[in-house]
Structure formats: C-alpha cells, structure tokens
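Number of protein chains: 2
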Amino acid sequence: MKKSIGTPSLIFPNPVLVVCTYDEGGRANAATLAWGGIASSGPAAVSIAVQPPRYTYEALMKRKAFTVNLAPAKYAAEADYFGLVSGRDADKFAVTGLTAVKSDIVDAPYIGEFPYILECEVTHTLDLGVHTLFIGAIKDAKIDDGATEMWKGLDLITFDAASRDYRLPGASVGKAFEIGNKFKNKL
Amino acid sequence: MKKSIGTPSLIFPNPVLVVCTYDEGGRANAATLAWGGIASSGPAAVSIAVQPPRYTYEALMKRKAFTVNLAPAKYAAEADYFGLVSGRDADKFAVTGLTAVKSDIVDAPYIGEFPYILECEVTHTLDLGVHTLFIGAIKDAKIDDGATEMWKGLDLITFDAASRDYRLPGASVGKAFEIGNKFKNKL
Chain U
22 MKKSIGTPSL
32 IFPNPVLVVC
42 TYDEGGRANA
52 ATLAWGGIAS
62 SGPAAVSIAV
72 QPPRYTYEAL
82 MKRKAFTVNL
92 APAKYAAEAD
102 YFGLVSGRDA
112 DKFAVTGLTA
122 VKSDIVDAPY
132 IGEFPYILEC
142 EVTHTLDLGV
152 HTLFIGAIKD
162 AKIDDGATEM
172 WKGLDLITFD
182 AASRDYRLPG
192 ASVGKAFEIG
202 NKFKNKL
Chain E
22 MKKSIGTPSL
32 IFPNPVLVVC
42 TYDEGGRANA
52 ATLAWGGIAS
62 SGPAAVSIAV
72 QPPRYTYEAL
82 MKRKAFTVNL
92 APAKYAAEAD
102 YFGLVSGRDA
112 DKFAVTGLTA
122 VKSDIVDAPY
132 IGEFPYILEC
142 EVTHTLDLGV
152 HTLFIGAIKD
162 AKIDDGATEM
172 WKGLDLITFD
182 AASRDYRLPG
192 ASVGKAFEIG
202 NKFKNKL
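Chains as they are written, first to last, in our numbering: chain U, 22 to 208; chain E, 22 to 208.
If you are wondering where the hints come from, they were derived from the structure by calculation, not from laboratory data. No incorrect hints appear here.
Copies of the same chain are indistinguishable here, so a pair counts whether it falls within one copy or spans any two.
No more than 30 Å apart at the CA atoms, straight line, and that leaves these computed lysine-lysine pairs for DSS-like:
(1) Lys123 to Lys207
(2) Lys95 to Lys196
(3) Lys83 to Lys23
(4) Lys23 to Lys95
(5) Lys123 to Lys160
(6) Lys85 to Lys123
(7) Lys23 to Lys203
(8) Lys160 to Lys24
(9) Lys23 to Lys123
These numbers were taken from a predicted model, which means no experiment stands behind them.
Chain U on its own, in the form it takes in the complex (with noise of 0.2 Å):
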C-alpha cells in the first residue's frame, strides 16, 4: 500500500549543475541548481530550472549563455558553496580559487578544474512559477583531456535531495539495453 505526501519536488537522483553566466558587467557566476538535465537529443539541448529573485536568471536573461559545469567529488565544497550564496554578495571564483575559462563558443565562462562542461545558447523560457525553465542548445561539449574514455575517473558526483547527501555513483545492478531483453518474446 502507498501513502500520499502531497506534492514535493523530490526527484532520485539529481545531477550536481554548477551553471556558469557573465553578469551584466562581465563578472563571471557560478550557481549550483538542484533541477536540470536533458531536454533532446537533437539538436541537443539541456533545461535548466531557475528561480526569477536569482543573480543567474538577471545573467541568462541579459547574455542568453550560460555553461553547465558537472561537479567531480574533489569540488564538492565548491559546489555546495555556489549554491549557498549569490553573486550579488560575493565573487564565488574569487572566494573558491577556481578558474572562470571564457568559452570560445558562448558567451559564458566554465570553470577549468571541472572535468565536463556543456556550453550552452538559451534558445526558450519558460515561466512555471517559483522556477523559469531555460532551454539552451548545446553548441559543444568538453572533457579534460586525461579522460581516456567517457567519463571514466571524472569522479562525478550525485546529489541525493532526500538525504542531502553528495554521493559518489554506487554498484552496478544490471547493464541498461541489457537486462530487460528476457522479457521480449515472454507472451
């Protein structure tokens, strides 16, 4: 039997998205956003949820670029903090040490010690209240260079909004495109 909890924004599990912007005066951003993730596949694109009152949504609206930044196990107080505090009160790059790396491709810094960045164009908004959802194409994608196959060693980490905790990916339970072939040709 199930239970109702009314209406939480609760989903399992969450990427950890630090979103890169320029501010109107060229001041490069970072924000960790609890929503976001693929949009399509073609052209790809990703969503991102933010809220109005926030530093990044002035950012994403002047600039329409931003960057996503997945943030590796060793940046995790990093990323926590650049979802802490706005840019409005601090130079989070200036505070973390870590670098803003203009991207050739946007108008958006990534963050150079973060092992995978998307960059992004916003090409759609759309308001549903205490979030607006911005859509961005993906105009190029970048891996550090010591990753000899796809994210291998990135370490990337998840962040569970049930227990707040960072965790790092667990056991393998099954290969997906895989496991569910015993049930084809079943009836």
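Based on these hints, arrange chain E on the given structure of chain U.
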C-alpha cells in the same frame, strides 16, 4: 586542458523514470525515459522528454496525464524492458506481471510495485526537435507505506548513461547545504 567532444546529449546522473499512461483505448502502458526531472518547486512540476514517434507521446497528447514511477533495484530488468519495447507491440504490464493501478487523482495508471510515484497533469509542451518536452503539474505523490523515512530503503536506482549501467547510490562525500559553509566570509 580540455578537448571538445561535440554535442553529446549526456549528463550524469539520470533518474530511471518509468512514465505510465493510458492509451486511447484505455490500456495501460509503461515507458522508460532517459531524461526528465523536477522543473519547478511551486506549483511542483516535472519535465519529461518524449520522442513524437513513441506510443507514450500519443497517449500524453490524448489524455494529458501521466505518472512518473522511480525504479527500484529489484525491478531494474522490468524498467529496462519498458524502454526497449513499444506499447504498440506489447502489453508490457501483462509481460512483466507488474500491476497497473488506476490513479484516483489523474487519468493515468501507476506501477503498484514501484515505491515512489508522482501523479501528473500535462500543463505545457515544448517541441525541441527529436524530443518534445512535456511539463506535468505534480498533483500528488505516493510512497510505499513501509518507508519510515523519505526514500529510506526504497533502493531507487540511477542511470549512468556513460557506462550504460543502472547503479545504486554510492557513498556520501558530504552534506549538501553544509560543506560549502567553510567558504562563507572567506573574502
């Protein structure tokens, strides 16, 4: 240094979202989608990315309702199967033996055996090319009675799109909204 890898529709991690709908004739269907997540906290809303040729797309357009069912490790193979086969070609509930429970809140079924579900009504659609993004208002969420604490013991799995594994959550590397405090008042 970073190298460009083009425009992949890859992010880490992904939830394992099984979306259930009734088709025009009232038959329950379940489809596993690669992408979706929370879109706003108030009113609580989710986004799901669906390709127009999919059977679920037709059902969403007709019924304007769906449920999101998060897959537990125990049913990883069933969840995988739901993404491998079209509802046009198979009665997936009959094949897997899982139970389609009629929601009393929205015009869609949910999976009785899955521990956490969201009942949603379609409020927006956004055509992005290969995928259409559906926004669903979360009208209610249900969790297994046995869950004493939010999600504890539900064994929900994640989808690692790089290695193509379903994974359990791994070890915590720190508490969200806490480990970043050390940077406050630093500059």
